[in-house]
Amino acid sequence: MAEQKNSYYTQGLSVPETPAPGEEPAFWKQTHVVGKRLPRVDAYERVSGAAVYPSDITLPNMIYGAVLRCPHPHANVTKVDVSRAKKMPGVRAVITGQTPEAKKLKWKYNDYSGPLFDTHCRFEGEAVAAVAADTHFQAWDAVRAIDVAYEVLPFVADHNKALSDDAPDIHDSGNLVGTDEYERGDVARGFDAADVVLEQEYHTQSELHTPMELHGCVAGWDKDRLTLWESTQGVYAVQSEIAEILNLPLSKVRVIGHYMGGGFGSKLKPGKYTVLAALLARQSGRPVKLILTREETYLCTGNRPASTMHLKAGVKKDGTLTACDFTCTGPSGAYPAGGTALVDWQIRDLYACDNVRCASKDVYINAGPARPFRAPGHPQASWALEQMMDDLADKIGMDPVALRLKNIPEISQGRNQPYTTTGLKQCIEKGAEQFGWKKAVERAKAHNQTDTHIKRGVGMGACVWFVGGGGPPSTVIIKLFRDGSVNLNMGASDIGTGTKTVMAMVAAEELGVAPEVIQIEHADTETTQYATPSGGSKTVPTESPTVRNAAIAVKRQLLEMASEDLNVPASDLDYEGAQIISRNDKNKRIKVTDVSRLKKRGVVVGVGYRGPNPPKKSVNPFAAQFCELAVNTKTGEMQILRFLSANDSGRVLDRLTYDNQVFGGIVMGIGFGMTEFRQLDARQTGRLCNRNWHDYKLPTALDVPVDMESLPIEIDDPEANNTGTKGLGEPVTIPTAAAIANALFMATGIRFTRAPVNPIEMRRHLTAKKEG
Amino acid sequence: MLPDFSYIQPETVKEAVDALTDDAVVCAGGSDLLGCMREGIITPARVVSLEALDQLKGITKTPEGGLAIGAMTTIADIAKNPLVNSMYPGLAQGARQVASPQLRNQGTIGGNLCQKPRCWYYRGEFDCLRKGGKLCYARRGQHQFHAIFGHDNLCYITHPSDTAPPLVSLNARVLVKGPEKNRTIPVAQLHVAPSFNPRAETVLEPKEIITRVVLPPVSENLKSSYRKVRARRAWDFALAGVALALEMDGDTVLDARVVLSGAAPIPWRSSAVEKTIIGHQLNRQTIAAAAAAVTKNAEPLEKNTYKTYLFEGMIEEELARFTPRDQE
Numbered sequence: 000m001a002e003q004k005n006s007y008y009t010q011g012l013s014v015p016e017t018p019a020p021g022e023e024p025a026f027w028k029q030t031h032v033v034g035k036r037l038p039r040v041d042a043y044e045r046v047s048g049a050a051v052y053p054s055d056i057t058l059p060n061m062i063y064g065a066v067l068r069c070p071h072p073h074a075n076v077t078k079v080d081v082s083r084a085k086k087m088p089g090v091r092a093v094i095t096g097q098t099p100e101a102k103k104l105k106w107k108y109n110d111y112s113g114p115l116f117d118t119h120c121r122f123e124g125e126a127v128a129a130v131a132a133d134t135h136f137q138a139w140d141a142v143r144a145i146d147v148a149y150e151v152l153p154f155v156a157d158h159n160k161a162l163s164d165d166a167p168d169i170h171d172s173g174n175l176v177g178t179d180e181y182e183r184g185d186v187a188r189g190f191d192a193a194d195v196v197l198e199q200e201y202h203t204q205s206e207l208h209t210p211m212e213l214h215g216c217v218a219g220w221d222k223d224r225l226t227l228w229e230s231t232q233g234v235y236a237v238q239s240e241i242a243e244i245l246n247l248p249l250s251k252v253r254v255i256g257h258y259m260g261g262g263f264g265s266k267l268k269p270g271k272y273t274v275l276a277a278l279l280a281r282q283s284g285r286p287v288k289l290i291l292t293r294e295e296t297y298l299c300t301g302n303r304p305a306s307t308m309h310l311k312a313g314v315k316k317d318g319t320l321t322a323c324d325f326t327c328t329g330p331s332g333a334y335p336a337g338g339t340a341l342v343d344w345q346i347r348d349l350y351a352c353d354n355v356r357c358a359s360k361d362v363y364i365n366a367g368p369a370r371p372f373r374a375p376g377h378p379q380a381s382w383a384l385e386q387m388m389d390d391l392a393d394k395i396g397m398d399p400v401a402l403r404l405k406n407i408p409e410i411s412q413g414r415n416q417p418y419t420t421t422g423l424k425q426c427i428e429k430g431a432e433q434f435g436w437k438k439a440v441e442r443a444k445a446h447n448q449t450d451t452h453i454k455r456g457v458g459m460g461a462c463v464w465f466v467g468g469g470g471p472p473s474t475v476i477i478k479l480f481r482d483g484s485v486n487l488n489m490g491a492s493d494i495g496t497g498t499k500t501v502m503a504m505v506a507a508e509e510l511g512v513a514p515e516v517i518q519i520e521h522a523d524t525e526t527t528q529y530a531t532p533s534g535g536s537k538t539v540p541t542e543s544p545t546v547r548n549a550a551i552a553v554k555r556q557l558l559e560m561a562s563e564d565l566n567v568p569a570s571d572l573d574y575e576g577a578q579i580i581s582r583n584d585k586n587k588r589i590k591v592t593d594v595s596r597l598k599k600r601g602v603v604v605g606v607g608y609r610g611p612n613p614p615k616k617s618v619n620p621f622a623a624q625f626c627e628l629a630v631n632t633k634t635g636e637m638q639i640l641r642f643l644s645a646n647d648s649g650r651v652l653d654r655l656t657y658d659n660q661v662f663g664g665i666v667m668g669i670g671f672g673m674t675e676f677r678q679l680d681a682r683q684t685g686r687l688c689n690r691n692w693h694d695y696k697l698p699t700a701l702d703v704p705v706d707m708e709s710l711p712i713e714i715d716d717p718e719a720n721n722t723g724t725k726g727l728g729e730p731v732t733i734p735t736a737a738a739i740a741n742a743l744f745m746a747t748g749i750r751f752t753r754a755p756v757n758p759i760e761m762r763r764h765l766t767a768k769k770e771g
Numbered sequence: 000m001l002p003d004f005s006y007i008q009p010e011t012v013k014e015a016v017d018a019l020t021d022d023a024v025v026c027a028g029g030s031d032l033l034g035c036m037r038e039g040i041i042t043p044a045r046v047v048s049l050e051a052l053d054q055l056k057g058i059t060k061t062p063e064g065g066l067a068i069g070a071m072t073t074i075a076d077i078a079k080n081p082l083v084n085s086m087y088p089g090l091a092q093g094a095r096q097v098a099s100p101q102l103r104n105q106g107t108i109g110g111n112l113c114q115k116p117r118c119w120y121y122r123g124e125f126d127c128l129r130k131g132g133k134l135c136y137a138r139r140g141q142h143q144f145h146a147i148f149g150h151d152n153l154c155y156i157t158h159p160s161d162t163a164p165p166l167v168s169l170n171a172r173v174l175v176k177g178p179e180k181n182r183t184i185p186v187a188q189l190h191v192a193p194s195f196n197p198r199a200e201t202v203l204e205p206k207e208i209i210t211r212v213v214l215p216p217v218s219e220n221l222k223s224s225y226r227k228v229r230a231r232r233a234w235d236f237a238l239a240g241v242a243l244a245l246e247m248d249g250d251t252v253l254d255a256r257v258v259l260s261g262a263a264p265i266p267w268r269s270s271a272v273e274k275t276i277i278g279h280q281l282n283r284q285t286i287a288a289a290a291a292a293v294t295k296n297a298e299p300l301e302k303n304t305y306k307t308y309l310f311e312g313m314i315e316e317e318l319a320r321f322t323p324r325d326q327e
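Protein chains in written order, with numbering that gives the first Met the number 0: chain X, 0 to 771; chain B, 0 to 327.
Here chain X stands alone, though its shape is the one from the complex:
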């Protein structure tokens, strides 16, 4: 086969040294592909519409599913009569709690297990029955023709009332999901040692997951084998849950998720809709497409739970934090779902403090269960902690940046072990420098002295993310064909972050081939390798070392093969660009594509595994964000003028997708801080008020500053893994809202303890301030 011009670099680009068998690869000192700004390898498919998402799937004979959902936040189903629906035109399957196939099935929420169709409906949107028909329209007509009777029960929608005596019990066990407590040092003594002690209550709202692609799947049976095209963050996670629920061998459940339109944590697992689609498909003998409506996803596919937090903190005049006492109540929703999961991690781990106490209470309310929402728990506590830090700084007359720098911990206090690397200090320091913090503060304060009702503020916040180091298991296979082109096979999903592109770059770096000749095959349980779901900002640190190992496995085999051609031992060989040469005799060389056994076999297959993380060390990313904004103190309107995010996420693999993650995180943080909130009709019906994109307000292009800057803080971290990478997707959204709140304080002198701060909230507080 003719040598492809771009398959192998011919300019003698250096390829990293191949480690001897059994040896770990050396840390990349200098890179040629990694770190550049490479557009996505699948950009054409995504932009042109050629990419096939699960929502785009159409199969021969495919029919459509629809779900009847309980319209009340709390009710008993007393009757479900499907006789009329069954006779409707086009209807091919109807399932309820009485359908034999469904009756025995269980659905789990964390450690809670209940019937697939529970007659006790605990939230608005709980599934009562499902149908499949030849068209969408027929399916929905049939849903409406189902005759259901409900006994409506009293509900509780407010997590702060869930444990009160007059709140109805959502479960027999009561409304407490669980508590979590943590303590180190002696908080009381810490407060005694403080010069200033402050305490404050903070509230954050519930946010609803709004990925562009709706939740859902297409399910089809081939005899006893189920295939699911699911919009998911992890095909193997869907496979294992569905196999367990339907009692099928893993080998009989194939899950395909090549493209997916966002998940943000809400698609880490299959939905009840996945099971329903499989059951409807089995009953009808047809493939069934069941994609939820936006209204349905808002009711039942997850949320960031609201929080009510109390934080008391003490500081010495020199800025030393002496104690933090934190409590939080948050709702799981109607079933156990981590209502306060990870909410106290910022308090435990971010700033040096010897005396810390945290207590959280997770409660049930009659609303859709939570699901992980980009950095679960973290933006909530950041909202409290970062505002408190600013208040403490103000009280002791210290600059907020300086106070934070004073309290950089040397180890992970939450885990009591060192970090492999911590860039917290550099993120704050270099971020402040690049942002022009001091000048910006002076400028804003001077501006606010002038006779204008448009006030300015700058604010900042920092963060640590709970995980982000990735880890095993992960398996990747790289095939190098005889023309030098490459196929990279991995199970991980690209959830929109650019995983495929980044992995192609890692393979290109190690093999010396152009990224364009690397074809990625991924996210299919039948044809690609086991991977854990893409979440927790761990895909890059998990998969990229594995990809590198697989590439090295290819290179080792090629050296073995070349040793036959060159008659020297493989240990004497290494790469020089697209050639393999003898270290001792530079005249002995052979082009990779000329290696005899490669030509004969046609392919070399390298398998890579993810090795373990370093023992007794934490691998965590850090960030600091800075913002400048303006407030119209007559109308309460706000405009964010600029944002800077300094991130320590280890090595940058693709600067383009890296920056885009940063900007996306800021946008999402602006939604959390300023625009988004779930509104339940808590005082009357308990139902969701805002279930469309007008009433549920995502930030628009005009709510986001044009001036956003990404400042990577790259610190060599060879201990973390062989690519030196840490996660990025979540830290980028943790301190955003808190930085905004701190800037609003500088602009208005008002402490906004309740998120989001939209013009309504702003105008209320401006009035309250004026009236004293």
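Keep in mind that a hint or two might mislead.
[Claimed, not checked] Pair by pair, the computed Cβ-Cβ distance ranges are: (1) X:Q433 with B:E301: 38 to 48 Å; (2) X:A767 with B:L253: 30 to 40 Å; (3) X:Y111 with B:A199: 43 to 53 Å.
By construction, these hints were calculated from the structure, which means they are not laboratory data.
C-beta: ideal position from N, C-alpha, C; glycine also.
Place chain B on chain X using the hints.
Quick look at chain B alone, frame taken from chain X:
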């Protein structure tokens, strides 16, 4: 999911009016109608589209020297029209602040005037007063976006249009074609207060169609503007808005029409503000008095008292724009 309906696209206005049976609705741009149909708020058997009626599209000068805007003219076309911008900047500004670019390209001025309210109880599965139920859920419920004026303690929607307030302030009229007769209605009288009928938004009869919006000639002294404050900076309805049409002689206000959006179930004319400024120099004292006057007679609910202060701040800011720069 849309219900079954038949779709008719007449080629003349008369055909359109004739096609309007009792169970039919008019579709102009459709951006609001389709949402209402999908949500089951309106369940027509027949949709009569005005799309093919080219005679209802476009902006022309009237013999009197005003402008006639065809009811099917898109909001985007109005926003960028040079005549509208030079003669009626308030209307152009209103049009520019409607929804999003996509919706402005699709939505029409006729449709914008006949919008259904955006109240989340009305749009949601709540059997509310306006949809034939017994109860306005907003009153005891979540009403932070709702009306502080003119709700008659019956229905607390705010009228969603950003073009109606400037049109009222500019003394515009709509021409209406019905099965028997044509009529002209001042935009100020087009919309319906809850006490008159809590289930209707306009005075249009079921078989009537707005064909044109006619704006009277403007004097050189007329200054107009529209300002809107919203919860997010684009694609949102007004928390509070104000259309100003001021006849100025130097810095003295000869005549004024001040119409609020986001305030009441109809575009809300604030005669309190008008009285405060008419005949006065537009200076700091007048503006402060006008801002204070806007909240007079406001009847906010528990969670929307902020609106009174918002209107106050906005009126102050907006009126100040019409004071000569070098004054004081």
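Each hint, compared with the structure:
Our hint of 38 to 48 Å for Q433 of chain X and E301 of chain B holds, since their Cβ atoms are close to 46 Å apart. Distance hint check for A767 of chain X and L253 of chain B: the Cβ-Cβ separation is about 39 Å, which falls inside the suggested range of 30 to 40 Å. Roughly 49 Å separates the CB atoms of Y111 of chain X and A199 of chain B, a value that falls within the hinted 43 to 53 Å.
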